[in-house]
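Enquirer: Sequence:
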Amino acid sequence: TKRLPAGTVIVCTRATVGALAIATVPMTTNQGFKNIIPNDKHDSDFIYFLMSQNKKALIRAAGGSTFAEVSKADFEKLTFRVPLIDEQRAIAAVLICTDTAFEKLESKLAALRQEKSALMQQLLTGKRRVKITEREAA
770 TKRLPAGTVI VCTRATVGAL AIATVPMTTN QGFKNIIPND KHDSDFIYFL MSQNKKALIR
830 AAGGSTFAEV SKADFEKLTF RVPLIDEQRA IAAVLICTDT AFEKLESKLA ALRQEKSALM
890 QQLLTGKRRV KITEREAA
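According to our numbering, the sequence shown is numbered sequentially starting from 770.
Hints are not guaranteed to be accurate.
Straight-line C-alpha distance at most 30 Å; calculated DSSO-like pairs for lysine-lysine [as the list claims (entries may be wrong)]:
| id | residue 1 | residue 2 |
| --- | --- | --- |
| 1 | Lys885 | Lys873 |
| 2 | Lys846 | Lys771 |
| 3 | Lys824 | Lys873 |
| 4 | Lys900 | Lys885 |
| 5 | Lys885 | Lys896 |
| 6 | Lys810 | Lys825 |
| 7 | Lys846 | Lys824 |
| 8 | Lys877 | Lys824 |
| 9 | Lys877 | Lys896 |
| 10 | Lys771 | Lys810 |
Computed Cβ-Cβ distance ranges for the label pairs, DEER-style [to be verified]:
| id | residue 1 | residue 2 | range |
| --- | --- | --- | --- |
| 11 | Asn799 | Val863 | 29 to 39 Å |
| 12 | Ala880 | Ser821 | 23 to 33 Å |
| 13 | Arg858 | Arg904 | 55 to 65 Å |
Note that these hints are calculated values from the structure, not bench results. Here the structure is a predicted model, which is why all the values come from computation and not from measurement. All C-beta atoms, glycine included, are put in the ideal place defined by N, C-alpha and C.
Generate coordinates for the entire structure from the input sequences, incorporating the hints supplied.
Expert: What follows is the structure in structure tokens.
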């Protein structure tokens, strides 16, 4: 086993091919993962988004009779063009910001759906009544 540093991009290459994470602490993985340790020319967040965007390429590279798996040799054959580190960081910052905004909107939508469901239950069981004015009734 090899200890991986924080910032390593962990790519699942067995069964759930394409699942990703970035190690926030030093850790190890098993043979079902291929790990990308960024150097000073590569940004972890950018590599994470790049791999996420290319999940279909990972799945296409997977083979196996029992379950899908991307071999080390096939994983190493995957190539991607990447910009210089400053642009990688800028791109990653925009995508992180977008993800954060999206997560907030998803959370708000979930809360509104829950509120709607509760209101529908109250209305349909008669616990809450709707007042209709003469103008609305006409």
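Enquirer: Give a verdict on every hint.
Expert: Comparing the hints with the structure gives:
no.: 1; hint: Lys885 with Lys873; result: 18 Å, holds
no.: 2; hint: Lys846 with Lys771; result: 22 Å, holds
no.: 3; hint: Lys824 with Lys873; result: 24 Å, holds
no.: 4; hint: Lys900 with Lys885; result: 18 Å, holds
no.: 5; hint: Lys885 with Lys896; result: 15 Å, holds
no.: 6; hint: Lys810 with Lys825; result: 25 Å, holds
no.: 7; hint: Lys846 with Lys824; result: 15 Å, holds
no.: 8; hint: Lys877 with Lys824; result: 28 Å, holds
no.: 9; hint: Lys877 with Lys896; result: 25 Å, holds
no.: 10; hint: Lys771 with Lys810; result: 22 Å, holds
no.: 11; hint: Asn799 with Val863: 29 to 39 Å; result: 33 Å, holds
no.: 12; hint: Ala880 with Ser821: 23 to 33 Å; result: 26 Å, holds
no.: 13; hint: Arg858 with Arg904: 55 to 65 Å; result: 59 Å, holds
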